[in-house]
Every structure is written in structure tokens, then in C-alpha cells.
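Engineer: Chains A and B are the protein sequences, given in the same order. First residue of the first sequence? That's 1 in this note's numbering, and the numbers climb one at a time after it. First residue of the second sequence? That's 1 in this note's numbering, and the numbers climb one at a time after it.
Treat each hint with caution, since some may be false.
Quick list of in silico lysine-lysine cross-link-like pairs, PhoX-like style, CA-CA up to 25 Å [said to hold, decoys possible]: (1) A:LYS126 - A:LYS204; (2) A:LYS64 - B:LYS125; (3) B:LYS225 - A:LYS261.
Since the hints were made in silico from the structure, they are not lab data.
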Amino acid sequence: MPLCAFRARTVTKKGEPMALGSRWDRLTRSEAFNGYVLVSPTAIYAILMLAAPLATIVAYSFFKDGYLTIIREFTLENYITTWTDPVFRAVMLRSLMVSAMVTAATVLLAFPIAYYVSFHVPASRKARWLFLITIPFWTSYLIRVFLWKVILGYNGVINSGLMNLGLIDEPLTFILYNVNSIVLTLAHAYAPFAILPIFVALEKIDRALLEAGQDLGESRLMTFWRVTLPLAMPGVVAAVLIVFIPTIGDYVTPQLIGGGKIPMVANLIQARMLDLDNKPMGSAIAVSAMAIVTLVSLIFLFMNRRFLRGQR
Amino acid sequence: MKFPALRAYALFYLLFLYAPILLLPIFAFNDGTIIAFPLKDFTTKWFEQMFTTPALAQAVKNSLIIAVSSSILATTLGIFAARASTRFAFPGKAGIVGLIMLPLVLPEIIVAVSLLVVLLGLGIKLTTFTVILGHVLICTPYAIAILNTAFSSLDRSLEEAAYDLGETKWSTFRLITLPLVMPGIISSVLISFTISLDEFIIAFFLAGSEPTLPTYIFSQLRFPKQIPMIMALGTVLVLMSVILLTIAEYFRRRGIAKTGGTDTGGFL
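Okay, chain A solo, but in the shape it has when bound:
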């Protein structure tokens, strides 16, 4: 690199026209070449550490599991076993349901916040609001999840507080170790993820369109319904995907809040991979889960295609 830089300088110093430079000089000056050279360290890292490992688990999922080894022989057995296993089906269905509930709760609760910050907070204070919203997201995820266990537990903050106030005589048992408490915890953890994309979409809306709507005789509510909401939909779609995809693979919350008795798909992958040390089976589950998530996301994108048209 320093060599070509030196060469480029000597050429310009002599005042030679560019066309006389060698083919190599012309290549190093081209935009595409410079782009590739610059992006290559990061791209190579991503290929080695992400693309290759992903390809490996796809390959593993078609291999046979020998005792402590992997037999490199093509088989569909792992997939057949996985898809006919009632445990996998139950866990996958539960993961999809929990993620769908978390996504619905997060996005519905987040929309008014994004709307408030975008439309009713003075421009100078917007950054401060966003900062306040994102701070909890950056603080220890594990401890935040555990705190919900402390709040909802048998001897937890809610139960001990309510008993202390004399409102209940014995601890409420229905608030921990169930699907609802998992949904609550995840919705809390992923809240900022939903707010930011919706906020960005709302910020892009030309305010003159809203005035035009009202000038043409629409009520405030109808303007919101027919102008603001459709224009904000790309943000809502992004928020849905950004919350849905990571929550389905969450490991910590089902483990801590569900007490290990309500596993989601990540817990199943971990159990097959580490506890049972059956890597082909674990890979098959991971690949199946990824395929299902991708399929659901694509269906969702397809359903919302009219809002996304002309956005790119």
C-alpha cells in the first residue's frame, strides 16, 4: 500500500498525464478496486467466522452421529427425527407463539412512544429522549432478566409487597414460571429495539403531507389513519422483524424465568449440542429453526409488500 501511494505521488509530481500510468496504476485508482481492498479485512473475517461456520452446521445437519465422532455420510435422518419429534414441534410452536406475543406487545406499546418523541418532543430534546430509552437496553441483560424473577418470584417483590400491604394472604403462584412471565420479560428487554426503527420512519414523514390532509378536510384521526400510519409502516415492519428474530432464539429468559421447565428452541439446541453432544441433531434443529424464522419473516414481508413498495 505505501508503495503504490508513493508511486502515485511521483507520477503526479512529474506532471505526467494519467493515461500513461500502467494498467496496475489504473486498477489501483479505480473505485471498485479501492472499495474491495478496504472492505476485504472485514469481509474476510465475516466469511471465515460467520459464513463458513453457518455452512458447516448446514453440512453437519446432513451427517450421521457416531459415538464422539461425526460420520461424514449423507443422511436425512436428523431432519426426519427432528420433524417427527413431538418435543421439537411443541418447543418450536411455543417459541413462535412467545415471539409473536412479545413482538405484538413490544411494537404496539412502542408505537405511541416513537410517535410522541417524533411529533411532540422539541427537536433539541429528541436525542436526550432516545438516549434515555436506550440506556436500559445496554445494561447487563442477564441481571435485567434475573430482576424480573426477583420481582415476580414466590417470595418476590410483588408478592412480599402485596402481603406486606395486607392485600393478599398467601403468595400468588401464577405470576412466575409460565409463558406470560417469559413474554413480559422479553417485551421489557426488547422495547428499545422496536422504538428506534418506528421513530426513524416517523421522522422521515414530510410534515406538509399531514397539513395537506387536514386542509383537505380530514379529521386528525383520519389523517393519522390514512397518511401517518401507512408512511410509518416500513418502520413498523422493521421493528417487527428486529424483535421477532432475536427473541425466538433467546436462551436466558426461558432458562431463568421459565425455571428451565418451559424450554424454547435455543434451550433445545443447547441441550442437544452440549448435554447430549449430538452435533448433527443439534445442527438439524438449528437449521430447521432458522428456516422457519426466515419463512415466517418472508411471509410477513410479503403481506406488507404494498407498504414497502417504492421505499428503496
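Once you've looked at the hints, dock chain B against the given chain A.
Structural biologist: Okay, now just chain B, sitting in the frame of chain A:
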């Protein structure tokens, strides 16, 4: 304010976001082994216990090594990618950038499992080094998101002026570009550091027998006796991340002001 109801909702929502964190200091200073009301006396013994636990000290040391290395490496890789994607057009850019940014939406368990399978397949021993490999991967997209803002608000004519005055590509980058994007770089290092310090799943799969701070906390949550100390530890961690993030936010805004851009808010 035109919408008092909306404002009240927003404030209530903030309270909901912060409620669990606010409990941390309350129980960290509470002289009782059970996390419940009514509160007992004020005590600082849980904080003292933190400093006399050797396993915790080891976990902190491992985590700091991992977080410092990952944040520097991720930011370095981020600078390359952000510079390439904001300054140059090249065929296949969307695909390459898409792959680099993929960990942002891919469930972490998938990243962890696939890396684990490859590392074990190659016979590489699981240590703090293997955790760094994984953390660099997941921190890089965040670094790029921050650095993209820094690089794209850069005025290209400043660099062209430097070329015209006889500077080379490298010296222009060092003397003009780098100082202008420096606030973005600092912000990116701090954010990557915070992410790495907090990351659990990848550390859980790839750390082998070396505990990191989150895996240590996870292993202690099973013992009710240890919970008050974890609350004290949590208080310290939350305070530290708030301080780090405030500094990161300060540099991010200063960077935008320096290059004359407008603040679009938010890290993401």
C-alpha cells in the same frame, strides 16, 4: 403540550423500562439475604463481599481482556468496512455489507453454536481467545453503524483539498479524515466494549472453563445465598455502563457537530 395523555403514557413507559434497574441499589444496600419487602437495615457488606471473592476477580479479569480486545478489533474492522461502504461504490457491495451486518439480526445462539462446531472440529481449545473471536463478530455491525454516520457526514472536499496540496492517500487519512471521525471511533470502541462485557450466550458456549463476568453471574444465580452480592455487582455494572454510554453519546454528538451534520439521534 398538546397531548397530555401521550406525554403521561411516555413517562409511564420510561418508568416501566427503568423499574427493574431501580430495584438493584435498593436490595444491594439491604441487610437481608432474601430479596423481598419489608426492607431491613442499611448495609455495605455485599459490596465488601464482592472484593473478597477470588472467582469474581478472575471473571472480571477475563471479561476485561475480552472486552478490550474485542472492542479494539471490532472498531478496526468497522473502520475498514464503514470507509469502504460510505466512500466507494463496487459491485456486490450490498451482499458483502449484508453478510457483515448479519449478526445484528441473527439469533446469537446460532452464531455461538456454529462457531463452536467449527472450533471443536478444528481442534482449537476453548479459551478467552475463542470468546474474542465471537465477540468481534457481533460487535462489528454496531461499530459499523456508528462509524457509517461518522464517515458519511464527512465533507469530501476537505480530503480533496489535502490531495491537491500534495498529501498522499495515507497521510490525508491520518491528518484529515482520522481526526474528524475520531469521536465516532471512540464512541464505537465504548459501545463495543459495553456489548462484549455484557454478552452471555457466546461466552457461555465458547469460553470453555474460563468464566467471564456474565457466565460467572449466571452460575451464581442458582445459589440464593449469593443473590445479594449479585445485586451489589449489578449496581456497579449498571453505573459503569451508564457512565460509559454517556461518554460514548458525548463523543458521538461532538463528532456530528464537528463535521457539521445534524443529529439524527440514537446509536442504532
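Engineer: Tell me the hint numbers this structure goes against, listed in increasing order.
Structural biologist: Violated hints: none; all satisfied.
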